[in-house]
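Fit chain B to the given chain A structure using the hints.
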Amino acid sequence: MRIRDVSAEELESLAIGAWILGTGGGGSPYLALLNMRRLYRDGVVVQLMDPMALGDDDLVAIVSNMGAPLVGQERLTDPRTIERAVRMMEDYLGRRFRAVMSLEIGGGNSIQPFMAAAMLALPVVDGDCMGRAFPEAQMTSFAIHDLPMYPLTLADVRDNAVIVARAQSWKWMERLSRTACVAVGSIAGTCKAPRTGKEVKECGILYTTTKAIRLGQAVQAARREHRDPVQAVIDAEHGLRLFTGKVQDVARRATEGFLRGTATLEGLDDDRSHVFRLAFQNEFAVGWLDDTVRVTTPDLICVLDTVSGDAVGTETLRYGQRVTVVALPAAPVLLTPKGLEHVGPRAFGYDLDFTSVFA
Amino acid sequence: MTPTDIRPTVEGRSPAKALRRRIGIDVGGTNTDAVLLDGGRVVAAVKTPTTADVTSGVTRALTDLLAAAPDAARVTAVMIGTTHFTNAVVQRRGLTRVAAVRIGLPASASLPPFVDWPDDLAQIVCGEVVMLEGGHEYDGRPIVPFDAAGMRAAARRFRKDGVTSVAVASVFSPLDPSCEEQTKEILAEECPDASVTLSHRLGRIGLLERENVTLLNACLLDLARKTARAFTDALRASGIAAPLYLTQNDGTVMLADVAEQYPVYSFASGPTNSMRGAAFLSRLSDALVIDVGGTTTDVGALRHGFPREANNVVEVGGVRTLFRMPDLLSLGLGGGSVVSLEPLSIGPVSVGYRLTDESRVFGGPTLTVTDIGVAAGLIELGDRGRVASLPAPLVRRAVERISAMLEEAVDRVKTEAGDVPLVVVGGGAFVVPSRLAGVSSVVAVEHQAVANAVGAAIAQVSGEVDQIFQSLPREEAIARARTIADDRAVTSGAERSTLRTVEVEDLPLAYLPGNSLRVRVRVVGEIAAAPAS
Chain A
115 MRIRDVSAEE LESLAIGAWI LGTGGGGSPY LALLNMRRLY RDGVVVQLMD
165 PMALGDDDLV AIVSNMGAPL VGQERLTDPR TIERAVRMME DYLGRRFRAV
215 MSLEIGGGNS IQPFMAAAML ALPVVDGDCM GRAFPEAQMT SFAIHDLPMY
265 PLTLADVRDN AVIVARAQSW KWMERLSRTA CVAVGSIAGT CKAPRTGKEV
315 KECGILYTTT KAIRLGQAVQ AARREHRDPV QAVIDAEHGL RLFTGKVQDV
365 ARRATEGFLR GTATLEGLDD DRSHVFRLAF QNEFAVGWLD DTVRVTTPDL
415 ICVLDTVSGD AVGTETLRYG QRVTVVALPA APVLLTPKGL EHVGPRAFGY
465 DLDFTSVFA
Chain B
181 MTPTDIRPTV EGRSPAKALR RRIGIDVGGT NTDAVLLDGG RVVAAVKTPT
231 TADVTSGVTR ALTDLLAAAP DAARVTAVMI GTTHFTNAVV QRRGLTRVAA
281 VRIGLPASAS LPPFVDWPDD LAQIVCGEVV MLEGGHEYDG RPIVPFDAAG
331 MRAAARRFRK DGVTSVAVAS VFSPLDPSCE EQTKEILAEE CPDASVTLSH
381 RLGRIGLLER ENVTLLNACL LDLARKTARA FTDALRASGI AAPLYLTQND
431 GTVMLADVAE QYPVYSFASG PTNSMRGAAF LSRLSDALVI DVGGTTTDVG
481 ALRHGFPREA NNVVEVGGVR TLFRMPDLLS LGLGGGSVVS LEPLSIGPVS
531 VGYRLTDESR VFGGPTLTVT DIGVAAGLIE LGDRGRVASL PAPLVRRAVE
581 RISAMLEEAV DRVKTEAGDV PLVVVGGGAF VVPSRLAGVS SVVAVEHQAV
631 ANAVGAAIAQ VSGEVDQIFQ SLPREEAIAR ARTIADDRAV TSGAERSTLR
681 TVEVEDLPLA YLPGNSLRVR VRVVGEIAAA PAS
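Residue numbers (the numbering used here), protein chains in the order written: chain A, 115 to 473; chain B, 181 to 713.
In short, the hints are calculated from the structure, not lab data.
Note that the structure is a prediction, hence the values are computed from the model and not measured.
Each residue gets a CB set at the ideal place from its N, CA and C atoms; glycine is no exception.
Keep in mind that the hints are not guaranteed to be accurate.
Taking CB as the label site, the calculated pair distances span [said to hold, decoys possible]:
| hint | chain 1 | residue 1 | chain 2 | residue 2 | range |
| --- | --- | --- | --- | --- | --- |
| 1 | B | A617 | A | E455 | 54 to 60 Å |
| 2 | B | S583 | A | R155 | 28 to 34 Å |
| 3 | A | E316 | B | K364 | 27 to 33 Å |
| 4 | B | V529 | A | E123 | 27 to 33 Å |
| 5 | A | D349 | B | S620 | 23 to 29 Å |
| 6 | A | R460 | B | E369 | 26 to 32 Å |
| 7 | A | E455 | B | G320 | 35 to 41 Å |
| 8 | B | R273 | A | V389 | 44 to 50 Å |
| 9 | A | S387 | B | A617 | 32 to 38 Å |
| 10 | A | D349 | B | E626 | 41 to 47 Å |
| 11 | B | S620 | A | H259 | 53 to 59 Å |
| 12 | B | V438 | A | S387 | 38 to 44 Å |
| 13 | B | D233 | A | G434 | 50 to 56 Å |
| 14 | B | R321 | A | S387 | 53 to 59 Å |
Stretch by stretch, here's where chain A covers chain B in the computed footprint (C-beta under 8 Å, at least three residues) [said to hold, decoys possible]:
| hint | region |
| --- | --- |
| 15 | 202-216 |
| 16 | 280-292 |
| 17 | 382-393 |
| 18 | 583-594 |
To give a feel for the contact side, a few chain B residues facing chain A, derived at Cβ under 7 Å [claimed, not checked]:
| hint | residue |
| --- | --- |
| 19 | D244 |
| 20 | L246 |
| 21 | M311 |
| 22 | E313 |
| 23 | E317 |
| 24 | Y318 |
| 25 | F352 |
| 26 | P688 |
The shape of chain A in the complex, shown without the other chains (with noise of 0.2 Å):
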């Protein structure tokens, strides 16, 4: 595959495998689907191009939706917010972009790229640059590599844009833009650094999109042969199940342009009379079970419907769902010393060294 044409049914299944892939972020990918659905019932194709396909200097747009998935809840996605944040950065740097891809492939945010695409004509890559979901802007593998972490574009639904056109750091960018991004409602569409196909072939974490959908396929074929889905997912990405249970009480808050808090379960089946919590920054950082640490970010922390399983976000947890938390490996590239200080623990303010449940 250098270039091919995404199919609609392969965007269903990315929608299912980035939900997993989210660890509880990057937004519900329902509402980027429908968004695709409509675009792709007007006749519009997705093509996705092999990262070995780019060009050393073509430029590639990294794009994703940012803030607190809660409110994209009700301030629902729409393609042309992305589209303008990208189309800014062009006006921005006065050059136009060879294709466009996600800056996570957890969640909705794997469908953002394919919006953008969708509207500028453009190949999506496949690839990200986190392998997962994570909240902040220096958690990317482009910043553990120490690359440029400037311009970035913000666009709101109102007549608002801001460029960024300098941060001392990946951290300073975090801020400044999380700053706007607060100041517009929590949420915006944002078009990060440019990267060249050098720097995506190079710093990226490649096939990704492939892997999604791949891991989707995977739930659909186990729901239709009626086989466990949540089986299906450890199965596909040599993951281990942690926890099934039910969800007891959640505590959310959205501050800070994120969706903080913490949720409880209660143990079922073999679980019964264990207690599992939960702490997230719009993804799952840390997992206790009976108040031992678990596991911690860069692993995988999935929280699976038992029965479907389709993944649980941090927004749409609810009282009472019957869930399995399940613990899928990262990307290399997370796991360095180096990464682990982008990504570990004690990024998210939990003063724990990592240990993998893979280890």
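Structure of chain B alone, referenced to chain A:
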């Protein structure tokens, strides 16, 4: 919640103590069933055809029940469950055209109201779509000022166009309902005859799902009013003075005059009742349940004595909602389904309540699944002679096709690979073969044909609170809300010791002072024993 709280109530209570004498009625598309329950025992059960006007069918059922058990006149409550509303949506019948008002532009513009509805249903329900500027941010700021002038213009247009039902959904209205409230006032002034359904009364965060529920409710209001009045008339005609309740999706009841404003809450009450009735009658707490009615068959699963709930998103007639509902598979096959033999086709069209006029064994012209059942010797009903001429091989093929359809449905509901028991209920139970692949045993229960009505009679009582707490730690605010909900449930007639919490949700309201929290708690419990009298 402690693990003991999820014990099945059918096993976990003393029936003699918890149940009073009650009438349960199920008004299905084909049959109206009524039972008298006393001390946890089915004292009398009757089955009559549903009538087009609903009232005479219910009156007839009550008359028959009173004849069978004169005691029935002294009941303490009458509970009616009906599939009327859900059938209306599924069959696209009796729905009112709705004007949809969405407030929130310029946000959410690419996904307008009805965006994820099936085309055929949207064509019937979607009157006019009005999208206006307004709505709120999560922190309480307006997105842009509300376009009240635009709303007024729309309301005048509605009046001119004869709009009778309006559904209003504003962005973040569960946090700040003011745009929706203002719209209601404008509509009252400019288009006073229209019914108004506001989204913040029905749903939570999640604009599209909340709006869908609002639209569904709005398109069912006329039917709901008509139906609730018909029930009340029937009760009055039968000389029964007990209060009338309608059963809800979650197995609880609501007074009929409140329930008629919220038909969506009664959507899945038919299936919920049949599942709970099946658990009650079979004493099984873990099983599959198949309910074969006149028009449709529902297959669901019992876990710990309660219907397995759909975890997250539930589709009703193809429309996505966030309701708590039993996780069911419905297929268009029932005792009244129309059969054609050559070429063989079965359903989904049903003669419904006209079974006793339309089907062959009752002298009618239409071949139905019931006729096939009689011809194949599965059931004795009507005049068997009228189907004697059907060629036996064709009847056998039809029976095989029905079995295959049921087998596939059961298979699709199963979530574990092993064989499980299958409880059979419903008036069309005769079509279920005594052996099915993937099923350890097919369980027949007494009163299986009226399990829905039994489920309605054992319905529970709820207590709910939805209010803002200020200057309290979160845990304390929730605990206080829970106490209020418990007290309300007890006031409504619940036995305090049986109360369990089914929903807790809190939303911080950043724009109000003093750590404000909107807390919603819902508890349900068994109806308390009657005070000594």
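Comparing the hints with the structure gives:
no.	hint	in the structure
1	A617(B) with E455(A): 54 to 60 Å	holds, 57 Å
2	S583(B) with R155(A): 28 to 34 Å	violated, 39 Å
3	E316(A) with K364(B): 27 to 33 Å	violated, 59 Å
4	V529(B) with E123(A): 27 to 33 Å	holds, 31 Å
5	D349(A) with S620(B): 23 to 29 Å	holds, 28 Å
6	R460(A) with E369(B): 26 to 32 Å	violated, 59 Å
7	E455(A) with G320(B): 35 to 41 Å	holds, 37 Å
8	R273(B) with V389(A): 44 to 50 Å	holds, 48 Å
9	S387(A) with A617(B): 32 to 38 Å	holds, 37 Å
10	D349(A) with E626(B): 41 to 47 Å	holds, 45 Å
11	S620(B) with H259(A): 53 to 59 Å	holds, 58 Å
12	V438(B) with S387(A): 38 to 44 Å	holds, 40 Å
13	D233(B) with G434(A): 50 to 56 Å	violated, 39 Å
14	R321(B) with S387(A): 53 to 59 Å	violated, 45 Å
15	202-216	violated (count 0)
16	280-292	holds (count 7)
17	382-393	holds (count 4)
18	583-594	holds (count 3)
19	D244	violated, 40 Å
20	L246	violated, 40 Å
21	M311	violated, 12 Å
22	E313	violated, 10 Å
23	E317	holds, 4 Å
24	Y318	holds, 5 Å
25	F352	holds, 5 Å
26	P688	holds, 5 Å
Going through the hint list in order, the structure does not satisfy hints 2, 3, 6, 13, 14, 15, 19, 20, 21, 22.
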